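A.B. asks: Take a look at the letters that make up each chain.
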Amino acid sequence: MQVDEKTVRRIARLARIKITDEEAKSLEGELSGILNWVEQLDEIDTTSVEPMTRVVAQELKKREDRVTDGEIADAIVKNAPVVDDHYFVVPKVVE
Amino acid sequence: MQETAKSGGKSKSANLIAGATGDWEVVIGMEVHAQVASNSKLFSGSSTAFGAEPNSHVSLVDAAMPGMLPVINEECIAQAVRTGLGLKAAVNLKSVFDRKNYFYPDLPQGYQISQYKQPIIGEGEIEIDVDGEAKRVGIERLHLEQDAGKSIHDQHPDYSFVDLNRSGVALMEIVSKPDLRSSKEAQAYVTKLRTILRYLGTCDGDMEKGNLRADVNVSVRKPGDKLGTRCEIKNVNSIRFIGQAVEVEARRQIDIIEDGGTIDQETRLFDAAKGETRSMRSKEEAHDYRYFPDPDLLPLEFTQAYVDDLKQHLPELPDEKRARFVKDYSLSAYDATVLVAERENANYFEAVAKGRDGKLAANWVINELFGRLNKEGRDIEHSPLSAKQLGGLVDLISAGTISGKIAKDLFEILWTEGGDPAEIVESRGMKQVTDTGAIEKAVDEIIAANPDKVEQAKAKPSMLGWFVGQVMKSTGGKANPAAVNEILKQKLGL
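Residue numbers (the numbering used here), protein chains in the order written: chain A, 1 to 95; chain B, 1001 to 1494.
Misleading hints may appear alongside valid ones.
[Claimed, not checked] The following label-pair restraints were derived from C-beta to C-beta distances:
#1 D45(A) <-> L1227(B): 34 to 44 Å
#2 V38(A) <-> K1117(B): 34 to 44 Å
#3 L1227(B) <-> T53(A): 30 to 40 Å
#4 A1341(B) <-> I19(A): 54 to 64 Å
[Stated by the list, open to error] Counterexamples of contact, computed for chain A against chain B with all Cβ distances above 12 Å:
#5 E5
#6 E22
#7 E28
#8 G29
#9 E30
#10 I34
#11 L35
#12 N36
#13 W37
#14 T47
#15 V49
#16 Q58
#17 N79
#18 V89
#19 V94
Calculated from the structure, these hints are not laboratory results. The structure displayed is predicted, hence computed values, not measured ones. The C-beta atom is built at its ideal place from N, Cα and C for all residues, glycine as well.
Looking at chain A on its own, in the form it has when it is part of the complex (with noise of 0.2 Å):
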């Protein structure tokens, strides 16, 4: 499969990734021999086998509902650049 620049374009900012007119060329070979790499998978017929979701036989592991967690504020809000009253301050972002 091959990639071209514009699909490129689009996945880096679908990631949020700032890339240059240089990086975006480069990716495009790369990404698209990455693909065709891994199209080689697609020589096995799969359509008998369910997918794989777990090496060792184990089910989902479920939780009772109880409140045992939070009400630690201050630690939430530890990290942010600017806090204020216990919000995270972020540029306005209004639709």
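Based on the hints, put chain B in the right spot on chain A.
C.D. replies: Leaving out everything else, chain B in the frame of chain A:
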């Protein structure tokens, strides 16, 4: 034709909207987000309680700190299954959690854990009632997902404030099929869904707190055509606004098409103050959520026995309760519908009606009690009258101890002063006079005092009503009306 004019552009057929080029049909599908009633969040142990200090009900999982792993709350699973059963839906014994990727400041993970291709609940249905006509609305699916945090934009001119208290709270997204055909049907659907959720106890249905909110998908077409392009109106938070949003959005689309334009599929916002919908996101930003199975979570699996056990403990649902009320208490379908709309109301009615005349009980609960509660803006939990007191009042009417008119006075006393109905009637001399001697005496006095009316009555028997009124007046409303009628007729020779 007059009717068309009155309803303002509505076509003759109830659900069609008249346009310049003929009638249009509106097609509506709903996505309702219902907050799961639980103590702690879907994948963490922090509290779901409303109205806490900013970022207090937040764990390191909810804040998406590196290395944190989600562990599912088993009660949220049970709540989703109960809801599925209440919607007569297929319960999937295996479902999968996926990551829905997007960037927003109130989504610290950078993705929402949701269910995409394999939801916990499949197809079901809800029966709604619009203007006395029953209609089945298909449910497409129900899936579990995390709520996002909350962004507040009005605290500062240049910054938004983010509170993660809601982040990670469990939601059920309930998706209907595009089966709804009018704003009324859309409203009836959400109302009924809310009632079912509240009966089940799986969501409190509090729309003011945002615990139940609807995305409304609207498109229009000429009857019989294929589906038109739809617009999604996001986060409508009241039943009334749902109706208004559908009306204005359908009209907007019809006007565009009739002017030769086309509808762009987009997300819109309903502005209640302006009574319009407007575009929310530009087209360039077309969504690409890049869903993939969440590698932190194994598939969710449970047995049919688990489902059967939950089913056994489901409460009686509104449709079943209504049918039972009609059958057991001889209620009209309308009265039964009114009574079952809220579970608390239904319970109150049943406490009044049990072992008594159901119709009489319904009459007093709906007309007198609900009427008064409505007028004073109270709900049934804050009723000054207990079911026991109202039941006592109904007993006194049934036994012929008090008349319907006196019962209203008694109701007033019970409402304002409280007390035991039978004692009040006894101590305040409110008993109906059935003693014919006393009634005869009152009748004789009235007849003696009004010879002219007696003459008139002989020519015109409908004058009897006037005499009944006079006797009731002179006995303070306590005379048994049937006895008064009987004696009057006899004495006047009618």
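A.B. asks: So, for every hint listed, does it hold in this structure?
C.D. replies: For each hint, the structure was consulted:
1. A C-beta distance of roughly 37 Å is found between D45(A) and L1227(B), which places it inside the suggested range of 34 to 44 Å.
2. The supplied range of 34 to 44 Å is broken by V38(A) and K1117(B), whose beta-carbon atoms lie about 21 Å from each other.
3. Taking 30 to 40 Å as the suggested C-beta distance range, the pair L1227(B) and T53(A) conforms, at roughly 36 Å.
4. For A1341(B) and I19(A), the Cβ-Cβ distance of about 57 Å falls inside the hinted range of 54 to 64 Å, so the restraint holds.
5. With a least beta-carbon separation of about 17 Å from chain B, E5(A) lies farther than 12 Å from that chain, consistent with its non-interface assignment.
6. A cut-off of 12 Å between C-beta atoms confirms that E22(A) is not in contact with chain B; the least separation is 24 Å.
7. No beta-carbon of chain B comes within 12 Å of the beta-carbon of E28(A); the shortest separation is about 19 Å.
8. Non-interface call for G29(A) relative to chain B: holds, since the shortest CB-CB distance, roughly 22 Å, exceeds 12 Å.
9. The Cβ of E30(A) sits about 19 Å from the closest Cβ of chain B, beyond the 12 Å cut-off, so the non-interface label holds.
10. Every Cβ of chain B is farther than 12 Å from the Cβ of I34(A); the closest lies at roughly 16 Å, confirming the non-interface assignment.
11. The Cβ of L35(A) lies farther than 12 Å from every Cβ of chain B, with a closest approach of about 15 Å, so its non-interface assignment holds.
12. For N36(A), the condition that its CB be more than 12 Å from all CB atoms of chain B holds, with the nearest at approximately 20 Å.
13. The beta carbon of W37(A) sits about 19 Å from the closest Cβ of chain B, which is more than 12 Å, so the claim that it is off the interface holds.
14. Interface exclusion of T47(A) from chain B stands, the closest Cβ pair being 17 Å apart, more than 12 Å.
15. Listed as a non-interface residue, V49(A) keeps its Cβ farther than 12 Å from every Cβ of chain B; the least gap is roughly 15 Å.
16. Annotated as non-interface, Q58(A) brings its C-beta within 12 Å of a C-beta of chain B; the closest such distance is 7 Å.
17. For N79(A), the non-interface assignment is contradicted: its Cβ lies about 9 Å from the closest Cβ of chain B, within the 12 Å cut-off.
18. A Cβ of chain B approaches the Cβ of V89(A) within 12 Å, the least distance being about 5 Å, so the stated non-interface status is violated.
19. Distance to chain B contradicts V94(A) as a non-interface residue, since its nearest Cβ pair spans about 4 Å, not more than 12 Å.
Going through the hint list in order, the structure does not satisfy hints 2, 16, 17, 18, 19.
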